[in-house]
Amino acid sequence: MGVAIPAPALRRTPSVPYRGHRFLRRAGFWIGLLVLLSPAVFVFLWMLSLSLKPDVENTAYPPIFIPRNPTLDNFREIFENSPFGRYAVNSLVVAVASTALSLALGVPAGYGIAKTKANGLAVFVLVSRMTPGLSYLIPWFILFRYLGLNNTLWALIITHLVIGLPITIWVMMGFFEDLHPELEEAALVDGAGIWAAFRDVALPLSRPGMVVAAILAFIFSWNNFIFAVVLAGQETRTLPVAVFNVLTFEQLAWGALAAAALVVTLPVLLLTVFVQRQIVVGMTAGGMKG
Amino acid sequence: MSTPAAAAVGGAIRARRRAGSSYRRRDKYLRFVLPALVVIGAVIVFPWVFTVFMSLHDWQVASPRVWVGLDNYANLAGDARFRAAVVRTFVYTLFAVALPVLFGVLAALMFHQEFPLRGFFRGVFILPMIATPVAISLVWAMMFHPQLGVLNFLLSRVGLPPSLWVYAPDTVIPSLVLVETWQWTPLVMLIVLGGLAAMPTEPLESARIDGAGGWRMFWDITLPLTLPFIMVAVVLRTIDALKAFDTIYAITQGGPGTASETVNIYLYLQAFNFFQIGRASAVVVVFFAVILACSFGMLYLRQRARWA
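Chains as they are written, first to last, in our numbering: chain R, 970 to 1259; chain A, 1302 to 1609.
Next comes chain R alone, as it looks inside the complex:
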């Protein structure tokens, strides 16, 4: 214990006789990683495989893993036989609009909460984040019917704020708390108002936080199913509802179903490829789903 032996010397001694062991351990690690990743990889590749095969191959047993006659017919079918393009536009409009509104309202709110250390408000935001979406639906359904907003995209944009706004406030709060107050103090000393200090100092510095919040709000809005399934009409369906309806009406059209599923989920998967770091930050900070 008391003797000061240089650590590297200690570490080298056991590693020489165990070189074989170390190789085994390496191999074990990579095999473990393979086992860990294979369920995720398998499901996505299987979805891709289904979407590229005609239904004769999709319903063959034993299953055909690599398409023998790869075709894009399934994709053509969903876009030609149903207004899938329109649903995609709906999804995009709802996700972009609700994300923009979430940022416009949530960024200043996060700033205000961080500055005043209003923990009561923070708890309130968290609780609204944790409440199941389903529990809002009955009052909304009645309210929107009263206001004549059912079957409009507005109903969806407003309701998706319930997902985007709390997560934006939560993420931004964390970012503004970490900001050095001296910077804004300097601006205030120079005679700038609170609003100017926010706009010219805090806001530009918190751009990374806004990117995180925007990405999360977009993903959760895009993926949302439960609000649209109740509140959307024939014309205002979003993609998750549309893909669900493909299943119920054509039970065994597996190729078309997989193609639809792929089209729905591809945008957010691609987003993950490009902004993985922000998603990881946001998921662990604001870390919960809608």
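Hints are computed from structural coordinates only; laboratory data are not their basis.
Sample of chain A residues with no beta-carbon within 10 Å of chain R, all distances over it, derived:
| # | residue |
| --- | --- |
| 1 | ALA1363 |
| 2 | ALA1381 |
| 3 | LEU1465 |
| 4 | TYR1468 |
| 5 | ASP1471 |
| 6 | LEU1524 |
Simulated crosslink set (SDA-like; lysine to any residue; CA at most 20 Å straight-line):
| # | chain 1 | residue 1 | chain 2 | residue 2 |
| --- | --- | --- | --- | --- |
| 7 | A | LYS1329 | R | ILE1163 |
| 8 | A | LYS1329 | R | ALA1165 |
| 9 | A | LYS1329 | R | GLU1146 |
| 10 | A | LYS1329 | R | ALA1087 |
| 11 | A | LYS1329 | R | GLY1089 |
| 12 | A | LYS1329 | R | GLY1160 |
| 13 | A | LYS1329 | R | ALA1161 |
| 14 | A | LYS1329 | R | ASN1088 |
| 15 | R | LYS1086 | A | LEU1335 |
| 16 | R | LYS1086 | R | GLY1143 |
| 17 | A | LYS1329 | R | LEU1148 |
| 18 | A | LYS1329 | R | ALA1155 |
| 19 | A | LYS1329 | R | VAL1158 |
| 20 | A | LYS1329 | R | TRP1164 |
| 21 | A | LYS1329 | R | ASP1169 |
| 22 | R | LYS1086 | R | ALA1166 |
| 23 | R | LYS1086 | R | ILE1163 |
| 24 | R | LYS1086 | A | ARG1332 |
| 25 | A | LYS1329 | R | GLY1162 |
| 26 | R | LYS1086 | A | LEU1338 |
| 27 | R | LYS1086 | A | PHE1597 |
| 28 | A | LYS1329 | R | THR1085 |
Given the structure is predicted, the values throughout are model-derived calculations rather than measurements.
No residue lacks a Cβ here, since even glycine has one placed at the ideal position from N, Cα and C.
With chain R's structure known, arrange chain A on it following the hints.
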């Protein structure tokens, strides 16, 4: 008169006075929160209040509503279907928490090590939690198909008997837990990975010098130090598993029969298939109380873990 130095001093005094009168300053900053509060009040608080109001009425959309006090709650307690749904939700939640936490901790330990292309592999690993749940659920539904599904083929390959998966009452809940585990293990992994990264290195170093083995070090040092993060993951998973709707509804809609009807599905069917608004609202109120308790647990743990 006013030299630059004097102006600077004056500014500093003014700034201190402003900081001192924290009351007025606080009010000013609360103005930033106001617009968001108005929206939250309209979209979130109004539904909460309205739900409590509705839960005290017998209300079936088309017919006029009648005040019934706490009858809806009493009826719920006496409804065998609801009680079965509660038990089912409890079982589902237990496994949908335990399995992702177990695998998530294992995955975090692996991703905590240095290896080539770690960022890429981590990206692949988190894809299931980013993917649109309904879309993925439908792919699982196809994989679960007893005759043509790929899962039974894989089982036959490793010499196991085929399963009926979501098509039989006995296996439907385990199958849905499988999907949930597949989907949400990455979130647990990310949270625990954050905990491992924040862990001080000295205890591990000194243990290694003292000659402790890998297993001992994990059990005596790594696990206790990351436990707060694991607990956060457990609470988050509990809330999310209680809330689970998309996957269950997309794959089984509560079937076969009512074999996978959790409280959420029961609530949805009562409200939007049977239009029992009063009764469904009572379910929401009970459910909300449970989620609220979990949320406060989560907040308490978050402060203890000084996390995020």
